[in-house]
Amino acid sequence: MNRFSRQVILQGFGLEGQRKLQASSVLVVGAGGLGCPALLYLAAVGVGRIGIVDGDQVDLSNLNRQVLYGEQDLGKNKAEVAAAYFQKKYRDIKWEIFPEVLETGNAKELISGYDLILDGSDNFPTRYLVNDACVLLGKPLVFGAIYQHEGQVSVFNWGKNSANYRDLYPEMPAASEIPNCSETGVLGVLPGIIGNLMALEAIKVLTGYGKPLANKVLFFNSLNSQSYEVELSPRPESSLQSPQTWEALESLDYALACEGVKQVSWEEVMGKMNSNIAFVDVRELDEKPELNCTGLWKIPMSVLSEKQDFLAHSEEILLFCQSGVRSLKAAQTLISVFPDKKISSIKGGMNALKKS
Amino acid sequence: MSQTIQIKAFGMIAEKIGSSDLSLDNPGTLKELRAQLESQFPDLVGVKFSFALNKKMQLADSEIPAGAEVALLPPFSGG
Numbered sequence: 001m002n003r004f005s006r007q008v009i010l011q012g013f014g015l016e017g018q019r020k021l022q023a024s025s026v027l028v029v030g031a032g033g034l035g036c037p038a039l040l041y042l043a044a045v046g047v048g049r050i051g052i053v054d055g056d057q058v059d060l061s062n063l064n065r066q067v068l069y070g071e072q073d074l075g076k077n078k079a080e081v082a083a084a085y086f087q088k089k090y091r092d093i094k095w096e097i098f099p100e101v102l103e104t105g106n107a108k109e110l111i112s113g114y115d116l117i118l119d120g121s122d123n124f125p126t127r128y129l130v131n132d133a134c135v136l137l138g139k140p141l142v143f144g145a146i147y148q149h150e151g152q153v154s155v156f157n158w159g160k161n162s163a164n165y166r167d168l169y170p171e172m173p174a175a176s177e178i179p180n181c182s183e184t185g186v187l188g189v190l191p192g193i194i195g196n197l198m199a200l201e202a203i204k205v206l207t208g209y210g211k212p213l214a215n216k217v218l219f220f221n222s223l224n225s226q227s228y229e230v231e232l233s234p235r236p237e238s239s240l241q242s243p244q245t246w247e248a249l250e251s252l253d254y255a256l257a258c259e260g261v262k263q264v265s266w267e268e269v270m271g272k273m274n275s276n277i278a279f280v281d282v283r284e285l286d287e288k289p290e291l292n293c294t295g296l297w298k299i300p301m302s303v304l305s306e307k308q309d310f311l312a313h314s315e316e317i318l319l320f321c322q323s324g325v326r327s328l329k330a331a332q333t334l335i336s337v338f339p340d341k342k343i344s345s346i347k348g349g350m351n352a353l354k355k356s
Numbered sequence: 001m002s003q004t005i006q007i008k009a010f011g012m013i014a015e016k017i018g019s020s021d022l023s024l025d026n027p028g029t030l031k032e033l034r035a036q037l038e039s040q041f042p043d044l045v046g047v048k049f050s051f052a053l054n055k056k057m058q059l060a061d062s063e064i065p066a067g068a069e070v071a072l073l074p075p076f077s078g079g
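If you read the sequences in order, they're chains A and B.
Per the numbering used here, the first sequence starts with residue 1, numbered consecutively.
Per the numbering used here, the second sequence starts with residue 1, numbered consecutively.
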């Protein structure tokens, strides 16, 4: 008797299925609302080696759905907390922790080391990047995403003639078009269900037990508990839209491709300030922490349209807010007003400045 | 043969339409359907979504058969 005895006696799964799982590896991208439940079951079922990549810290507002974390974990890196939780729980899994954001620069190194990738990220640029990297490396990708009360699950790039994310959504959407959980709200059970479906698909792909959702997309609505499945086919056009080489992938700015707005980090901003650059805080005036420095403009979103003429004389405009969401929208608005100016939004806003 | 088609809207598309189920007169093709939806629901203008025709994704324009079920499937990013 071992901890897997109840699944080993399943007909068709057996010892062989267990051995396959123990010999396999999964990289979970994002240990958030989808990653947490998926990790719980990938670990319980006995996947031999699991990598977790997440550069984010546990926040109090995560706790309604990110069930691996508790109040004692606030402010800690999610990948590190999650791995520490499992290391205490099971001795038979090798954990690999990447407390960083998956980006074009590290995607190849991270993804190439695993048999299967599970995408639990929370933004379109990362989703397209993970997809394109899996296409280049020939890795199966378990995809899941949620919007308010609905979720989508699919298995991309599994074997020959398998569709991928670009066959489902060839046009890269901007974050401002589709709000995320922090904007629309979410009941924690929904990512729990979708994350579990993702773990199930991963287990099916790794063991050959059951039929994975390849060339199919499952939609689930938690309010009426209905599901809807559609068939998906690979298209020759999609493979032309995604980068054909690593050099092409690494030179692609996924955030820019999705948003149409250049996003920069605080590090890039520091030191390049000069009088031709308008440096603008678009938060409302009572938002904390306050940032004061020379050359800083405070133009809250609520009055941006009235006051945008103040920016007419600057060659370049750099915008920031609390988390980077409003400044992105402000940048999109200003680009339509000043199409010839260089306009960027600072990634992560004030939250990122506190960490950097 | 019925020339009515059934629309099933998901995610934000259902919010913009105000319902997840809708019956429409068959406009003929997916391209014409999009134009008709955009004129009936101006909030849909410029919004990205994919069509599934009788539960098969259709990224190119296609003729809509009589009595078809057309799903409007927007991308989700949340996790």
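One thing to keep in mind: the hints can contain errors.
A short, non-exhaustive set of chain B residues, derived as facing chain A with CB atoms under 8 Å [unchecked claim]: (1) K16; (2) K31; (3) S50; (4) K56; (5) M57; (6) F76.
As a list, the in silico DSBU-like pairs of lysine-lysine whose alpha-carbon atoms are at most 35 Å apart [said to hold, decoys possible]: (7) A/K341 to B/K8; (8) A/K307 to A/K329; (9) A/K20 to B/K31; (10) B/K55 to A/K307; (11) B/K16 to A/K298; (12) B/K55 to A/K20; (13) A/K76 to B/K16; (14) A/K342 to B/K8; (15) B/K8 to A/K329; (16) B/K48 to B/K31; (17) B/K56 to A/K341.
If you're looking for bench data, these hints aren't it; they were derived computationally from the structure.
Beta carbons are placed, not taken as given, at the ideal position from N, Cα and C, and that holds for glycine.
Okay, the hints, checked on the actual structure:
A distance limit of 8 Å between C-beta atoms decides the matter here; for B/K16 the minimum to chain A is near 11 Å, and the interface restraint is violated. Checking B/K31 against chain A: minimum C-beta separation of about 15 Å lies over 8 Å; hint violated. Hint status for B/S50: holds, given a least beta-carbon distance of 6 Å to chain A, under 8 Å. For B/K56, the interface hint holds, the least distance from its beta-carbon to any beta-carbon of chain A being 5 Å, beneath 8 Å.
The beta carbon of B/M57 is positioned within 8 Å of a beta carbon in chain A (closest approach about 5 Å), and the interface hint is therefore held. Among the interface hints, the one on B/F76 holds; its C-beta lies about 4 Å from the nearest C-beta in chain A, closer than the 8 Å criterion. Using a Cα cut-off of 35 Å, the hinted pair A/K341 and B/K8 is violated, with the two alpha carbons roughly 42 Å apart. This hinted pair checks out: A/K307 and A/K329 have alpha carbons roughly 16 Å apart, not beyond 35 Å.
Distance check on the hinted pair: A/K20 and B/K31 sit about 47 Å apart at the alpha-carbon level, beyond 35 Å; violated. Proposed proximity of B/K55 and A/K307 is contradicted: the alpha carbons are some 49 Å apart, above 35 Å. In summary, the hint linking B/K16 to A/K298 is supported, as the alpha carbons are separated by about 34 Å, within the 35 Å threshold. For a cut-off of 35 Å, the pair hint linking B/K55 to A/K20 stands: about 33 Å separates their Cα positions.
Between A/K76 and B/K16, the direct Cα distance comes to roughly 38 Å. Violation of the 35 Å bound is thereby established for this hinted pair. Between A/K342 and B/K8 the alpha-carbon distance is near 41 Å, which puts this suggested pair outside the 35 Å criterion. Only pairs whose Cα atoms come within 35 Å are accepted, and B/K8 paired with A/K329 is accepted, the gap being roughly 30 Å. Of the pairs offered as hints, the one joining B/K48 and B/K31 holds, with about 13 Å between alpha carbons and a cut-off of 35 Å not exceeded.
Distance check on the hinted pair: B/K56 and A/K341 sit about 43 Å apart at the alpha-carbon level, beyond 35 Å; violated.
Of the hints listed earlier, those the structure fails to meet are numbers 1, 2, 7, 9, 10, 13, 14, 17, in rising order.
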